[in-house]
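Trainee: Note that the protein sequences, when read in sequence, are chains E and P. FYI, in this note's numbering the residues of the first sequence are 277 to 491. FYI, in this note's numbering the residues of the second sequence are 277 to 491.
If you are wondering where the hints come from, they were derived from the structure by calculation, not from laboratory data. Take the hints with a grain of salt, since some may be wrong.
For identical chains, the list gives no copy identity; a pair is met inside one copy or between any two copies.
The list that follows gives simulated cross-link-like pairs (lysine to any residue, SDA-like), each with its CA atoms no further than 25 Å apart [said to hold, decoys possible]:
id	residue 1	residue 2
1	403	454
2	328	459
3	328	312
4	304	413
Listed below, chain by chain, are the residues.
Protein chains: 2
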Amino acid sequence: MASSPKPVLYTYFRSSCSWRVRIALAFKGVAYDQVAVNLIKDGGQQHVDSFKTINPMKQVPALAIDGIVLSQSLAIVQYLDETRPGPRLLPEDAKKRAQVRMISDHITSGIQPLQNLHVLQKIGEEKKLEWAQHFIITGLQALESLLQYTAGQYCVGDEVTMADLCLVPQVYNAVRFKVGLTQFPTIVKINNALLELDAFKVSHPSCQPDAPPQS
Amino acid sequence: MASSPKPVLYTYFRSSCSWRVRIALAFKGVAYDQVAVNLIKDGGQQHVDSFKTINPMKQVPALAIDGIVLSQSLAIVQYLDETRPGPRLLPEDAKKRAQVRMISDHITSGIQPLQNLHVLQKIGEEKKLEWAQHFIITGLQALESLLQYTAGQYCVGDEVTMADLCLVPQVYNAVRFKVGLTQFPTIVKINNALLELDAFKVSHPSCQPDAPPQS
């Protein structure tokens, strides 16, 4: 496969992991093409053979860029940060960078995987709301505590970082699963500040070409 | 709290996330003190208030180092790699570095969280083996495919990287949950090669001070 000058993002409008990458692309001002992979329709387009060769994990996002295909949102975000110009998403200071990764991993390993589509499908329709709420609330309680040590205007200090790219889609998921947010004042404050920024607006699920009109 | 010259690792012998960090510390030749946090005894020592202030997520590992406390294994491993001398765990080449993070995240976000203690406790004694096996097998199948693109002697090329620090503890978990490994020849080959290395041997769960005699 010849490398294309324009990256191609395999995405689904409502996937929180895809949203993280869309924010990074917007924040860095990287032009890209989108291929929508509908995770619901036809039993899930991520299961077709042509997509399996792109991402064997059968999940979005995946990004074809510079002649390789990358999956896993944080690997993609950090690759973009290390190879593309524009405002940096990982701070220069090693301790702050570690805190950004700690918060990012807390969300992407500690919260999000437990409300992933294939997990909720295994839990079953009847129990999935209680299951998702349990792990989102536990995870956000810990995050609210962590942020007391690290937050300024955003998750770590006063610059937008990779941690913020994880926060906003996770809060969006919390709302989808009807989790009340009043017990998380720091998270809510940061989330509201981030939603004012262009990169977060244009990448919002409701603005994606594959979003149905009512979303 | 004054910063200590010697880092302190909060760990549990059988925690695969703690093992990742122990390998990194050994690989980099960093001397450290251990505090054992028994995740089972007394309903789990991670729930006591004194530990909650160390890691609000109430999980191991946590590393007190350079005046801060870090949790999340990959954040810790990358902080050690960026601040300590010794062989590097993230390759210099940006594409290879992205592949290392992709494989690491695939294991730490895509497989391990679904067989974490607090998840299996919620699934219940009766169903937990089938649940863990399902997600480990699915995850290792995808990993076996990914490795066809990236592996040399180890997960990415011929140098030990952060991805290898994730692979070995995950294979150990697979064995604990009675997953047959013959369908994963690349994973088995790399795992066996890694287990020959000192850093993987000294950090093994069975060699830890908090391991019971029979483990």
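Trainee: Hint by hint, note whether the structure agrees.
Mentor: Now the hints, each set against the structure:
For a Cα distance limit of 25 Å, the shortest separation of residue 403 from residue 454 inside one copy, 14 Å, qualifies, whereas the shortest one across copies, 27 Å, does not. In the homo-oligomer, the alpha carbons of residue 328 and residue 459 lie at most 25 Å apart only across protomers (18 Å), although the nearest pairing inside one protomer, at 41 Å, exceeds that limit. Taking the shortest alpha-carbon separations for residue 328 and residue 312, only the intra-copy value of 14 Å comes in at or below 25 Å, while the best inter-copy value is 42 Å. For a Cα distance limit of 25 Å, the shortest separation of residue 304 from residue 413 qualifies neither inside one copy, at 31 Å, nor across copies, at 37 Å.
Checked against the numbered hints listed earlier, the structure breaks hint 4 alone; every other hint is satisfied.
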